[in-house]
Amino acid sequence: MLDESFYREQIIDLYESPLNHGELDPHDFSYEEDNPLCGDVIRIDVRLDDEGHVAEAAWSGDGCAISQASASLLTEEIKGKTLAEVKAFPKEELLELIGVPLSMARVKCALLSLKVLKSGAYGIPDKNVMRNQD
Amino acid sequence: MLDIAKIRADFPILATEAYPGVPLIYLDNAASSQKPLPVIQAMSDYYQGHHANVHRGIHKLSEDATNLYEGAREKVARFINAPDSSQIVWLRNATEGFNLVAYSWGRANIQAGDEILLTEMEHHANLVPWQILAEEKGAALRFVPFAADGTLDLSNLGDLLTEKTKLFSFTAMSNVFGTINPVKELVEAGHAVGAVVMVDAAQSVPHMPVDVQALDCDFLTFSGHKMCGPTGIGVLYGRRELLEAMPPFMGGGDMIRRVHLTHSSWNDLPWKFEAGTPSIVEAIGLGTAVDYLANLGMDNIHAHEQFITNYALEALSEVTGVTIYGPPASQKGGVAAFTIKGVHPHDIAELVDKDGIAIRAGHHCAMPLHKKLGISATARASFYLHTTTGEVDKLVESLHRVRQIFRL
Ligand SMILES: Cc1ncc(COP(=O)(O)O)c(C=O)c1O
Chain A
2 MLDESFYREQ IIDLYESPLN HGELDPHDFS YEEDNPLCGD VIRIDVRLDD EGHVAEAAWS
62 GDGCAISQAS ASLLTEEIKG KTLAEVKAFP KEELLELIGV PLSMARVKCA LLSLKVLKSG
122 AYGIPDKNVM RNQD
Chain B
1254 MLDIAKIRAD FPILATEAYP GVPLIYLDNA ASSQKPLPVI QAMSDYYQGH HANVHRGIHK
1314 LSEDATNLYE GAREKVARFI NAPDSSQIVW LRNATEGFNL VAYSWGRANI QAGDEILLTE
1374 MEHHANLVPW QILAEEKGAA LRFVPFAADG TLDLSNLGDL LTEKTKLFSF TAMSNVFGTI
1434 NPVKELVEAG HAVGAVVMVD AAQSVPHMPV DVQALDCDFL TFSGHKMCGP TGIGVLYGRR
1494 ELLEAMPPFM GGGDMIRRVH LTHSSWNDLP WKFEAGTPSI VEAIGLGTAV DYLANLGMDN
1554 IHAHEQFITN YALEALSEVT GVTIYGPPAS QKGGVAAFTI KGVHPHDIAE LVDKDGIAIR
1614 AGHHCAMPLH KKLGISATAR ASFYLHTTTG EVDKLVESLH RVRQIFRL
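Sequence order for the protein chains is A and B.
Per our numbering, residue 2 is the first one in the first sequence, and the count goes up by one each step.
Per our numbering, residue 1254 is the first one in the second sequence, and the count goes up by one each step.
Since the hints were derived computationally from the structure, they do not count as laboratory data.
Source: prediction; values computed, not measured.
Careful, some of the hints might be misleading.
Stated by the list, open to error - Straight-line alpha carbon distances no greater than 25 Å define the calculated DSS-like cross-link-like pairs of lysine-lysine that follow: (1) A/Lys82 - A/Lys109; (2) A/Lys109 - B/Lys1594; (3) A/Lys109 - B/Lys1607; (4) A/Lys109 - A/Lys92; (5) A/Lys82 - A/Lys116; (6) B/Lys1328 - B/Lys1259; (7) B/Lys1647 - B/Lys1607; (8) B/Lys1624 - A/Lys109; (9) B/Lys1437 - B/Lys1328; (10) A/Lys88 - A/Lys116; (11) A/Lys116 - B/Lys1624; (12) B/Lys1417 - B/Lys1437.
Okay, chain A solo, but in the shape it has when bound:
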């Protein structure tokens, strides 16, 4: 039996009509990474306002419904946040936004966008934060 609730309507909605899909030019940082296990690729571009808050975020790439929905939700959620808040964005919060229970393999899909976002954010000098925290 297919557990249809697994693909909550929201996930399919976002797969059909993603949020913040595209690229930003110019941007303050941009990062792209793939999940070598499955080949999903996500790129995230972020533009900051004068106070260092996220003004715009956009994502592009290729992947499954979970990784794409996650990128939509994440880029929406970080708008208005400071760089420090972006760097500290807890993965639990993203999993909660996605809302559906995920197998271990799919958690990787779900968190790819967050990994990409943080890798990009850490590329911006900020002496308060250590690199490589995943």
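Given the structure of chain A, go ahead and fit chain B with the ligand onto it with the hints provided.
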């Protein structure tokens, strides 16, 4: 003809449920096969009554263990018609076969300016070891391309194989397209320019008769776990003269004849390549698997898989939006790699799993192949001697539901 119901009863896992009330349908045989009772039993018996280290004891138990272990080597030698069991080197898996040849034969024989010819449909196991070797030696890698139908395009083989080609290594059967390559013809072409020819038999030895003397290949490697045997055991077959001339792969116990503090001399074949305590019970398990398969007949197994593949390709092609990769069933083994327009392969695999159906999604360790196809992943159903048309029907039914969920 195989008695499929009887065969299925030999595989305890096939009677289990993936989720409560949802029977398992195992269609991921190309990644790893399930194990029949005789294999499980042989391994359990060995541990319960016969285990000791091999080649190291004069006590009765060690002699028993050595006989069982070496007896398994003889079974495997007969299974692929090797001239002698000393040409059967035990490894952990097929991947180790390529690494052994690249490290031992390759470092002694490949020089700057030499060429290694591979194909574009290789598994990473038959790619990365040669990349490392070529990089180290300043050799060049060249590739036989594949055509749109997933068969090798041999029209330029004459230009690719030259006197510069020192090694030609290719798969007997693609783990993505399922393409069965013309091994004998390719071996002859390689030998015609003096190249050493290695065959990736990870997908062929489990599914069809393979005769290394008829193929006349120089090296051939495969894994036990894809052919009803355990994990942790693989095989390298090598031509005697080549194996004899090769330096060891790893150093340690068992692979030596005499050890001095500063130098050593090497043991005879095949032990020269088997340093340290080997995978004893795994070798014995593989020997039993080979008996099991030989008893059913590799021709019969191949015929059954052709029947199932033919059925599956037809059934899958009726799913709207489906693309199947690779040649028609008559030219391939039991593998169906496919995509569905509008649904990512991961989502396909995750959703059919809810129906108890195990398929694989991803690049199947063949990223360059997928890149050439312009896709990042495929879904792959792969069959074996116990696969039924009913299981294929369930997959197709499940795929229809996947499309519904994605509002297609
Ligand atoms: C064609 C082919 N070659 C090589 C391998 C490597 O086998 P193993 O991972 O057992 O070493 C595989 C298995 O995935 C395969 O399908």
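Hints versus structure:
| no. | hint | verdict |
| --- | --- | --- |
| 1 | A/Lys82 - A/Lys109 | holds, 24 Å |
| 2 | A/Lys109 - B/Lys1594 | holds, 23 Å |
| 3 | A/Lys109 - B/Lys1607 | holds, 19 Å |
| 4 | A/Lys109 - A/Lys92 | holds, 11 Å |
| 5 | A/Lys82 - A/Lys116 | holds, 17 Å |
| 6 | B/Lys1328 - B/Lys1259 | holds, 24 Å |
| 7 | B/Lys1647 - B/Lys1607 | holds, 12 Å |
| 8 | B/Lys1624 - A/Lys109 | holds, 22 Å |
| 9 | B/Lys1437 - B/Lys1328 | holds, 23 Å |
| 10 | A/Lys88 - A/Lys116 | holds, 10 Å |
| 11 | A/Lys116 - B/Lys1624 | holds, 24 Å |
| 12 | B/Lys1417 - B/Lys1437 | holds, 21 Å |
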